[in-house]
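Build the full structure now, drawing on both the sequences and the hints.
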Amino acid sequence: MLYSVGKDSAVMLHLARKAFYPSAPPFPLLHVDTTWKFKAMYELRDRMARESGMELLVYHNPEAAARGINPFDHGSLHTDLWKTEGLKQALDKYHFDAAFGGARRDEEKSRAKERIFSFRSASHRWDPKSQRPELWNLYNAKKAAGESIRVFPLSNWTELDIWQYIHLENVPIVPLYFAAPRPTVKRDGLLLMVDDDRFRLRKGEVPETRSVRFRTLGCYPLTGAIESQARTLPEVIQETLLTTTSERQGRAIDHDQAASMEKKKQEGYF
Amino acid sequence: MPDREPQGSYRAQDLIAKDIGAYLEQHQHKSLLRFITCGSVDDGKSTLIGRLLYDSKMIFEDQLSALVADSKRIGTQGEEIDFALLVDGLAAEREQGITIDVAYRFFSTDKRKFIVADTPGHEQYTRNMVTGASTAELAVILIDSRKGVLTQTRRHSYLVQLIGIRHIVLAVNKMDLIDYDRAKYDAIVADYRKFADSIGIGDFLAIPISGFKGDNITARSANTPWYQGPPLIEYLETVPLDVASEQAKPLRMPVQWVNRPNQDFRGFSGLIASGTVKTGDAVRVLPRGKASKVSRVLTPKSLAGGAAESAVAGQSVTICLADEIDCSRGDVIVAAGDPPQVADQFEATLVWMADEPLLPGRGYWLKLMTQTVTATVQHPKYQINVNTLEHLAAKTLELNAIGVAVVSTDKPIVFEPYAANRQLGGFILIDKTSHATVAAGMLHFSLRRSQNIHWQALEVSRERHAKLKNQRPAVLWFTGLSGAGKSTIANLVEKKLSRMNRHTFLLDGDNVRHGLSKDLGFTDADRIENIRRVGEVAKLMTDAGLIVITAFISPFRAERDMVRDMMAEGEFMEIYIDTPLADAEARDVKGLYKKARAGQLANFTGIDSPYEVPLDPEIRIDTHEMTAEEAAQLIVDALLTRE
Numbered sequence: 001m002l003y004s005v006g007k008d009s010a011v012m013l014h015l016a017r018k019a020f021y022p023s024a025p026p027f028p029l030l031h032v033d034t035t036w037k038f039k040a041m042y043e044l045r046d047r048m049a050r051e052s053g054m055e056l057l058v059y060h061n062p063e064a065a066a067r068g069i070n071p072f073d074h075g076s077l078h079t080d081l082w083k084t085e086g087l088k089q090a091l092d093k094y095h096f097d098a099a100f101g102g103a104r105r106d107e108e109k110s111r112a113k114e115r116i117f118s119f120r121s122a123s124h125r126w127d128p129k130s131q132r133p134e135l136w137n138l139y140n141a142k143k144a145a146g147e148s149i150r151v152f153p154l155s156n157w158t159e160l161d162i163w164q165y166i167h168l169e170n171v172p173i174v175p176l177y178f179a180a181p182r183p184t185v186k187r188d189g190l191l192l193m194v195d196d197d198r199f200r201l202r203k204g205e206v207p208e209t210r211s212v213r214f215r216t217l218g219c220y221p222l223t224g225a226i227e228s229q230a231r232t233l234p235e236v237i238q239e240t241l242l243t244t245t246s247e248r249q250g251r252a253i254d255h256d257q258a259a260s261m262e263k264k265k266q267e268g269y270f
Numbered sequence: 001m002p003d004r005e006p007q008g009s010y011r012a013q014d015l016i017a018k019d020i021g022a023y024l025e026q027h028q029h030k031s032l033l034r035f036i037t038c039g040s041v042d043d044g045k046s047t048l049i050g051r052l053l054y055d056s057k058m059i060f061e062d063q064l065s066a067l068v069a070d071s072k073r074i075g076t077q078g079e080e081i082d083f084a085l086l087v088d089g090l091a092a093e094r095e096q097g098i099t100i101d102v103a104y105r106f107f108s109t110d111k112r113k114f115i116v117a118d119t120p121g122h123e124q125y126t127r128n129m130v131t132g133a134s135t136a137e138l139a140v141i142l143i144d145s146r147k148g149v150l151t152q153t154r155r156h157s158y159l160v161q162l163i164g165i166r167h168i169v170l171a172v173n174k175m176d177l178i179d180y181d182r183a184k185y186d187a188i189v190a191d192y193r194k195f196a197d198s199i200g201i202g203d204f205l206a207i208p209i210s211g212f213k214g215d216n217i218t219a220r221s222a223n224t225p226w227y228q229g230p231p232l233i234e235y236l237e238t239v240p241l242d243v244a245s246e247q248a249k250p251l252r253m254p255v256q257w258v259n260r261p262n263q264d265f266r267g268f269s270g271l272i273a274s275g276t277v278k279t280g281d282a283v284r285v286l287p288r289g290k291a292s293k294v295s296r297v298l299t300p301k302s303l304a305g306g307a308a309e310s311a312v313a314g315q316s317v318t319i320c321l322a323d324e325i326d327c328s329r330g331d332v333i334v335a336a337g338d339p340p341q342v343a344d345q346f347e348a349t350l351v352w353m354a355d356e357p358l359l360p361g362r363g364y365w366l367k368l369m370t371q372t373v374t375a376t377v378q379h380p381k382y383q384i385n386v387n388t389l390e391h392l393a394a395k396t397l398e399l400n401a402i403g404v405a406v407v408s409t410d411k412p413i414v415f416e417p418y419a420a421n422r423q424l425g426g427f428i429l430i431d432k433t434s435h436a437t438v439a440a441g442m443l444h445f446s447l448r449r450s451q452n453i454h455w456q457a458l459e460v461s462r463e464r465h466a467k468l469k470n471q472r473p474a475v476l477w478f479t480g481l482s483g484a485g486k487s488t489i490a491n492l493v494e495k496k497l498s499r500m501n502r503h504t505f506l507l508d509g510d511n512v513r514h515g516l517s518k519d520l521g522f523t524d525a526d527r528i529e530n531i532r533r534v535g536e537v538a539k540l541m542t543d544a545g546l547i548v549i550t551a552f553i554s555p556f557r558a559e560r561d562m563v564r565d566m567m568a569e570g571e572f573m574e575i576y577i578d579t580p581l582a583d584a585e586a587r588d589v590k591g592l593y594k595k596a597r598a599g600q601l602a603n604f605t606g607i608d609s610p611y612e613v614p615l616d617p618e619i620r621i622d623t624h625e626m627t628a629e630e631a632a633q634l635i636v637d638a639l640l641t642r643e
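Listed in order, the protein sequences are those of chains Z and H. Each residue of the first sequence is one higher than the last, beginning at 1 in this note's numbering. Each residue of the second sequence is one higher than the last, beginning at 1 in this note's numbering.
Bear in mind the hints are in silico, worked out from the structure with no lab data behind them. Don't take each hint at face value.
Below, in silico cross-link-like pairs of lysine to any residue (SDA-like), each with a Cα-Cα straight-line distance of 20 Å or less [stated by the list, open to error]:
| no. | chain 1 | residue 1 | chain 2 | residue 2 |
| --- | --- | --- | --- | --- |
| 1 | H | K539 | H | L506 |
| 2 | H | K113 | Z | Y165 |
| 3 | H | K113 | Z | H167 |
| 4 | H | K111 | Z | F27 |
| 5 | Z | K142 | H | W257 |
| 6 | Z | K18 | H | L303 |
| 7 | Z | K143 | H | W365 |
| 8 | Z | K18 | H | R260 |
| 9 | Z | K18 | H | Q28 |
| 10 | Z | K18 | H | S316 |
| 11 | H | K113 | Z | K143 |
| 12 | H | K301 | Z | Q164 |
| 13 | H | K30 | Z | H167 |
| 14 | Z | K142 | H | R557 |
| 15 | H | K301 | Z | A24 |
| 16 | H | K18 | Z | L242 |
| 17 | Z | K142 | H | L506 |
| 18 | H | K301 | Z | F20 |
| 19 | Z | K18 | H | S269 |
| 20 | H | K301 | Z | L241 |
| 21 | H | K301 | Z | L242 |
| 22 | Z | K142 | H | D355 |
| 23 | H | K30 | Z | P234 |
| 24 | H | K18 | Z | E235 |
| 25 | H | K301 | Z | L138 |
| 26 | H | K18 | Z | H167 |
| 27 | H | K432 | Z | L138 |
| 28 | Z | K142 | H | T409 |
| 29 | Z | K143 | H | T370 |
| 30 | H | K113 | Z | S23 |
| 31 | H | K249 | Z | N137 |
Ranges between beta-carbon positions, derived for each pair [unchecked claim]:
| no. | chain 1 | residue 1 | chain 2 | residue 2 | range |
| --- | --- | --- | --- | --- | --- |
| 32 | Z | R125 | H | L520 | 48 to 58 Å |
| 33 | H | S245 | Z | P26 | 29 to 39 Å |
| 34 | Z | S123 | H | L32 | 58 to 68 Å |
| 35 | Z | R125 | H | L241 | 49 to 59 Å |
Using N, Cα and C, we set each Cβ at its ideal position, and we do this for glycine too.
As structure tokens, this is what we get:
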């Protein structure tokens, strides 16, 4: 199970634990790490692995590590190498037949046509034109050696469903989703949090304490916060529902043209 | 730009702002309706869905600004917003301006959550529509008011009826373009009603709408004062759901997984397809039919320590039984007093979904609930012309064809007719080589109940037969091109074995064609049937204790694997006589290649019919490397080591 420590991952993990109870889910958690996630994410990740009784695999792309790839110097190469390439390498290394992912169809247009069982060639490519039909609740999981399946159990959930579930089931999530005073700088239209001393301040930038929270979580130097006073889950949900900016806007990666996600996916982005 | 203030039933924003707790409470208790929209290419499906998303505030400010920009750049509505752009997802189809697949969209109102499948109307995409309809409870059939009931309308209605959707909305769209003309609308509805009656659609609701202008979508339109029915959204919010009737049916829970965390716990996990279950209920485990009682029910609440001891259709649960009985994935836990049927031969409707046509007689994987078995399909009884609904004679089914055929499975499966229970009667067929989903099927009824054809227990067992002959039965299955040397080597093998007092029998391709398979030709379907017959005969001979040697081209992997699956473990040896085509053709002992090259012999393997090389044969004979005599010795040695 691909575990990114975000709120969708949290829900997916919780569902798996319920489904297999009293057994622990019979598969490991895989975190494709970039070394640049928020500290609070690493803490929750390790805690959830302990509580669930599941094995936690953490993968770092050795090439990205050796070349010192980082979000400050390398821009989109950072995501490509650590995340996209890292994921492919990890799946190849462990020879997984199938990997669960927390993507939802309501997130983005090209995802709306994604199957729940999505097939990838041996080179991890997605072919949107030759997808298997999915009828009723019958999933065809037959595949040839080398091929793999990405399985999206949350396909039919909406963002509100996710929040509702976290609320009802008390699912533990990273505290960064709640507003708190945090050291931040404004840069290129994003409000970034200075999570550790690797953050390179530009000339004239001085971290300011602002009450902020995050709508999505990724590498901290690439993830924009929003100013907010929502400190409880109902307040966060309220603010989310009243907001008029879609969820992924906080991620620098999506500021391309509309078809970019589809291209990324064909190339192996999850 | 149109007004974005809440209207009709969309007042959620107010409640969210005022009392988020109350809103969450409301959302938690909303029911879910899945529906599909179908229509022909220009009926305005995408526009309607875009409108539903837009009106229910399911699009955000940044998406809206992208929409406005895109509408100007590539939109088809001039300066106005092209709602279809919200929905058309994939880059390729955005450029072509048509939807090519099934896309799922989400929106909600105060009363319900909705998932809408956008299914394309283009002719060759029957497959996608059936896919989208399979999970829907309601269908919105769109008609362009300027065009009326078209062939596509009839086709979509037929498919909706076929897949068992009981609620149909006839949305007569683009009313703005006919000036909201009541007479034209009434004529279209009357026309449709005549057709609906003829295919057994009992009831439907007709609504005059404009997806583009928003008439009769969220509120009744002032442009159609003569229309007295509900607006579209109101009907979607109030139509009764199937879930209640599923719960009222007897218990069926297909077992997905045996849950065994330790020696003290053994439960069976799965999604309840119909009915309810609670501690103490009497159940049976099908297909074997062993009875027991439910000793415990674990529901999704159990992880948090909640003690629920009952569950209903639609929930995923783990059931523990009072007795230690055999139960594994594929079995079905059912109400003891009202079990479903178990059978291995059925009549079914098939919707063919692959480019490769149906090969009657070929073994496919059949998946129904959690049961996966091998199934073969006979020649279709007929094919249905979806435009005229005529029954046509058919030898096979091609992409997007719908037909009725007899389906046989290699072991009995638990089922109910599709009309009675979609989950127990709907299945898919999977190609064993490409792993593609090639068909969707709906079971009608069993042609013979397996329980009525008992396997006659024989007093003298197959073990006894083998022991008398002092040997272990086997099938030595030779495969390879015509002229590869199969018969020559097979003959030598049999001679050697008979000198060693082994009891053998050689089934030769040419000889079988004179009798057992006299009625068959050389089409793919006939070749498959020929191999099936030979397989069955070989199986009977192994039951009699013989070592069976067969020499058939047997060009298809799927059929060789089918025969392998018929035999007891370890009794099938695939022997690939690997002679290159050029060599076989140069030898041409029977002069067949010459005829084939001259066009006098159709469907000749290697020339105009494929040979699928074995992937993992027990023995491969390279005829360049050894003589026939050496090859025969190698095979005999391999057989004897096995003994």
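Verification of the supplied hints:
no. : hint                        : result
1   : K539/H x L506/H             : holds, 13 Å
2   : K113/H x Y165/Z             : holds, 15 Å
3   : K113/H x H167/Z             : holds, 18 Å
4   : K111/H x F27/Z              : violated, 38 Å
5   : K142/Z x W257/H             : holds, 17 Å
6   : K18/Z x L303/H              : holds, 6 Å
7   : K143/Z x W365/H             : holds, 13 Å
8   : K18/Z x R260/H              : holds, 14 Å
9   : K18/Z x Q28/H               : holds, 19 Å
10  : K18/Z x S316/H              : holds, 9 Å
11  : K113/H x K143/Z             : violated, 34 Å
12  : K301/H x Q164/Z             : holds, 16 Å
13  : K30/H x H167/Z              : holds, 16 Å
14  : K142/Z x R557/H             : holds, 17 Å
15  : K301/H x A24/Z              : holds, 15 Å
16  : K18/H x L242/Z              : holds, 11 Å
17  : K142/Z x L506/H             : violated, 36 Å
18  : K301/H x F20/Z              : holds, 12 Å
19  : K18/Z x S269/H              : holds, 11 Å
20  : K301/H x L241/Z             : violated, 27 Å
21  : K301/H x L242/Z             : violated, 31 Å
22  : K142/Z x D355/H             : holds, 18 Å
23  : K30/H x P234/Z              : holds, 18 Å
24  : K18/H x E235/Z              : holds, 11 Å
25  : K301/H x L138/Z             : violated, 25 Å
26  : K18/H x H167/Z              : holds, 18 Å
27  : K432/H x L138/Z             : holds, 17 Å
28  : K142/Z x T409/H             : holds, 18 Å
29  : K143/Z x T370/H             : holds, 17 Å
30  : K113/H x S23/Z              : violated, 32 Å
31  : K249/H x N137/Z             : holds, 19 Å
32  : R125/Z x L520/H: 48 to 58 Å : violated, 42 Å
33  : S245/H x P26/Z: 29 to 39 Å  : holds, 35 Å
34  : S123/Z x L32/H: 58 to 68 Å  : violated, 38 Å
35  : R125/Z x L241/H: 49 to 59 Å : violated, 39 Å
Checked against the numbered hints listed earlier, the structure breaks hints 4, 11, 17, 20, 21, 25, 30, 32, 34 and 35; every other hint is satisfied.
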